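So the sequence lines, in the order shown, correspond to chains A and B. Terminal number for the first sequence in my numbering: 358, no gaps in between. Terminal number for the second sequence in my numbering: 624, no gaps in between.
Keep in mind the hints are simulated off the structure, nothing from the lab. If you're wondering where the values come from, they're calculated on a predicted model, not measured in any experiment. Glycine included, C-beta positions come from ideal geometry on N, C-alpha and C. Any given hint could be a false lead.
[As the list claims (entries may be wrong)] In silico SDA-like links for lysine to any residue, alpha-carbon gap of 25 Å or less:
#, chain 1, residue 1, chain 2, residue 2
1, B, 517, A, 350
2, A, 73, B, 598
3, B, 532, A, 126
4, B, 409, B, 598
5, A, 103, B, 532
6, B, 517, A, 37
7, B, 536, A, 90
8, B, 532, A, 37
9, B, 536, A, 37
10, A, 103, B, 445
11, B, 517, A, 81
12, B, 532, A, 52
13, B, 536, A, 129
14, B, 517, A, 68
[Claimed, not checked] Going by beta-carbon spacing under 10 Å, a handful of chain B positions derived as facing chain A:
#, residue
15, 447
16, 448
17, 461
18, 464
19, 465
20, 466
21, 468
22, 516
23, 519
24, 527
25, 528
26, 529
27, 539
28, 540
29, 617
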Amino acid sequence: MALELKQVSKSVAGETHIFPTDMVLEAGEFNILLGTTLSGKTSLMQLMAGLDRPTSGQVWFNGQDVTEMPVQKRNVSMVYQQFINYPNMTVFENIASPLRVAKLPDKETRSRVGEIAEILRISSMLERRPSELSGGQQQRVAMARALVKDSSLILFDEPLANLDFKLREELRDELPRLFAERDCVVVYATTEPSEALLFGGKCAAMFEGAVAQFGPTAELYRKPLNLTSAQVFSEPPLNVAKVVKSGDIFRLSDTASWPVDASYQTMADGEYTIGVRPHHVYPMQKEKQLVPIDGKVQVAELSGSESMIHFTAFEDDSWVSLSHGVHAFDGGEVTTFYVDVANCFYFGADGRLISAGM
Amino acid sequence: MKRLSWLVPTIYILFLMLPIYWLVSMSFKTTNEILGSFTLVPQEFTLENYKKIFTDSTWYMGYINSLIYVSLNTVISVAFALPAAYAFSRYRFLGDKHLFFWLLTNRMAPAAVFALPFFQLYSAIGLFDTHLAVALAHTLFNIPLAVWILEGFMSGVPKQLDETAYVDGYSFPKFFMKIFIPTIAAGIGVAAFFCFMFSWVELLLGKTLTAVAAKPIAATMTRTASTSGYELGLLAAAGALTIIPGAIVIYFVRNYIAKGFALGRV
Numbered sequence: 001m002a003l004e005l006k007q008v009s010k011s012v013a014g015e016t017h018i019f020p021t022d023m024v025l026e027a028g029e030f031n032i033l034l035g036t037t038l039s040g041k042t043s044l045m046q047l048m049a050g051l052d053r054p055t056s057g058q059v060w061f062n063g064q065d066v067t068e069m070p071v072q073k074r075n076v077s078m079v080y081q082q083f084i085n086y087p088n089m090t091v092f093e094n095i096a097s098p099l100r101v102a103k104l105p106d107k108e109t110r111s112r113v114g115e116i117a118e119i120l121r122i123s124s125m126l127e128r129r130p131s132e133l134s135g136g137q138q139q140r141v142a143m144a145r146a147l148v149k150d151s152s153l154i155l156f157d158e159p160l161a162n163l164d165f166k167l168r169e170e171l172r173d174e175l176p177r178l179f180a181e182r183d184c185v186v187v188y189a190t191t192e193p194s195e196a197l198l199f200g201g202k203c204a205a206m207f208e209g210a211v212a213q214f215g216p217t218a219e220l221y222r223k224p225l226n227l228t229s230a231q232v233f234s235e236p237p238l239n240v241a242k243v244v245k246s247g248d249i250f251r252l253s254d255t256a257s258w259p260v261d262a263s264y265q266t267m268a269d270g271e272y273t274i275g276v277r278p279h280h281v282y283p284m285q286k287e288k289q290l291v292p293i294d295g296k297v298q299v300a301e302l303s304g305s306e307s308m309i310h311f312t313a314f315e316d317d318s319w320v321s322l323s324h325g326v327h328a329f330d331g332g333e334v335t336t337f338y339v340d341v342a343n344c345f346y347f348g349a350d351g352r353l354i355s356a357g358m
Numbered sequence: 359m360k361r362l363s364w365l366v367p368t369i370y371i372l373f374l375m376l377p378i379y380w381l382v383s384m385s386f387k388t389t390n391e392i393l394g395s396f397t398l399v400p401q402e403f404t405l406e407n408y409k410k411i412f413t414d415s416t417w418y419m420g421y422i423n424s425l426i427y428v429s430l431n432t433v434i435s436v437a438f439a440l441p442a443a444y445a446f447s448r449y450r451f452l453g454d455k456h457l458f459f460w461l462l463t464n465r466m467a468p469a470a471v472f473a474l475p476f477f478q479l480y481s482a483i484g485l486f487d488t489h490l491a492v493a494l495a496h497t498l499f500n501i502p503l504a505v506w507i508l509e510g511f512m513s514g515v516p517k518q519l520d521e522t523a524y525v526d527g528y529s530f531p532k533f534f535m536k537i538f539i540p541t542i543a544a545g546i547g548v549a550a551f552f553c554f555m556f557s558w559v560e561l562l563l564g565k566t567l568t569a570v571a572a573k574p575i576a577a578t579m580t581r582t583a584s585t586s587g588y589e590l591g592l593l594a595a596a597g598a599l600t601i602i603p604g605a606i607v608i609y610f611v612r613n614y615i616a617k618g619f620a621l622g623r624v
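Given the sequences, and given the hints that come with them, work out the whole structure.
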């Protein structure tokens, strides 16, 4: 089973929401849409579901053009960030509703609802109304409704975003197991890179209505195709700076430079952009080969065992350092940070990745 | 200070209830007692006034006529306002905001302005002195109000609910009847209440557009004197009875009425 987008785009009132996109989403693994809010994840999902018609392009499912097929005929399920249930129905009727519409025999409806309620641990609440449940339980009901029918396409639009931390962890563990046995295409939208890495599968990094890169999640993390993709896949944000290669030296600023490694010798002289993940910027010297840079601390967030230090480097670039241990700094303090240049990305002038470090 | 905190609400309620008490107490008095002396409670307690209303068809038909056209109006107003409000709450179209505001401007003119054109129009097409005539005339004021109230309630329902229903396989009409209407039932109740109350207390159009067959109670009540002189007790009884339908309707929507006054936008 596969969902295929062919040059799908969407614009509303002259404003482009989705730029022409090509994608093949396959069954058997998670397809993750990663991007900040307003990056077009929801718009793209609505096009996939058939809730919205693309302005141009086609949507194919299993080798069949379904672009004009209404959502009712497409056999899809969707779970939203908001807890969406029918307030006038009991939990049981909520879960049973897709089966009722499909006119399934009552006996089978009961057994299937019972089964899925058991898996999602809401069996004891079947006679209640959604408004009498907690947020986590409401979202379980919404998930149960999405899973009770044999959908060939299941869309999750940030389903865990409105849940508290503990519930989120719990459902995160459960979700992949729910799909292990199913033959369906699963699409999961999230704003958190860590969630994307957790689910694995394939990932599409989205930015301002365009897919910057689509491929195996781990590959996106380790070898982003371009600067945008790397930025989408970095939380806290990727540290970016201009670096000039001249001969055997990379020069970041007047004081910070390092020799060009053997593997970078092929790069032409000129200006590049480097991207350094926050956990490769340290507030103290390490045994590795690190490049010192000066930074003016703006704020240091200390959370238990980690320190996140926001600072300004190279005139007015905002940088972040994320490191283990507690490193307290005062705002305004000027100090030296150490950049692990062996682990940074080099992007060309057009934003494409040239080298991904080690 | 604390011990007197009950005082203000008590005085407030007393002032509120006084006219109603006076009306009810008058309705149990004879006209002679009302005109003759000042009494707090009826000295000669009588049910004659009510008996007259429930036996004399010129009186009780007034209530029946009113109830018929008010119900008719409420049903028409809500039935037409529902799809309109849905469109305003869910779709963007050319001039939607202007149209939405224009709806409300219908209520800015006093009913009297429309009395003459309605009278002329209904006489011409034979609607004069029918229940439908008054019901239709009142929709001019009630549909805009109902659209505004319902739009507020509908916009409080996330659009994702519609989408979830489509994803589940519901067609639009099925979703609208089986899921959407029950979801905004409170809003429909409040909209119906406001339509009911406006139509129930409106006098001018009701009086102008009817003669005998559909004459509303409010018009009957403007007849203060008859062959037997002033009938203040009878009028008081009729007045007391007109409060009852409103009181019954308000009971059902009491929890949502504040939201209704804010046109559903709380």
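Given hint residue 528 (chain B) near chain A, where the shortest CB pair must fall under 10 Å: Given a least distance of 6 Å, the restraint on residue 528 (chain B) holds.
When the least beta-carbon distance from residue 617 (chain B) to chain A is tested against 10 Å, hint result: violated, 16 Å
Pair hint outcome, residue 532 (chain B) versus residue 52 (chain A) [Cα-Cα no greater than 25 Å]: holds, 20 Å
Interface hint outcome for residue 529 (chain B) [beta carbon to chain A under 10 Å]: Hint holds; residue 529 (chain B) Cβ to chain A Cβ min 6 Å, cut 10 Å.
Distance restraint between residue 532 (chain B) and residue 37 (chain A), which requires alpha-carbon spacing of 25 Å or less: violated, 33 Å
Pair hint outcome, residue 536 (chain B) versus residue 90 (chain A) [Cα-Cα no greater than 25 Å]: holds, 13 Å
Straight-line alpha-carbon gap residue 103 (chain A) to residue 445 (chain B), limit 25 Å: violated, 30 Å
Chain A contact restraint on residue 540 (chain B) - CB to CB distance below 10 Å: holds, 4 Å
Given hint residue 532 (chain B) paired with residue 103 (chain A) - CA-CA distance at most 25 Å: Judged against 25 Å, a Cα distance of about 14 Å means the pair holds.
Interface restraint verdict for residue 516 (chain B) against chain A (beta-carbon cut-off 10 Å): holds, 6 Å
Restraint check, 10 Å cut-off on beta carbons, for residue 527 (chain B) near chain A: holds, 4 Å
Residue 536 (chain B) paired with residue 37 (chain A) [C-alpha distance capped at 25 Å]: Status violated; Cα separation ~33 Å.
Checked against the numbered hints above, the structure violates hints 1, 2, 8, 9, 10, 15, 16, 17, 18, 19, 20, 21 and 29; every other hint is satisfied.
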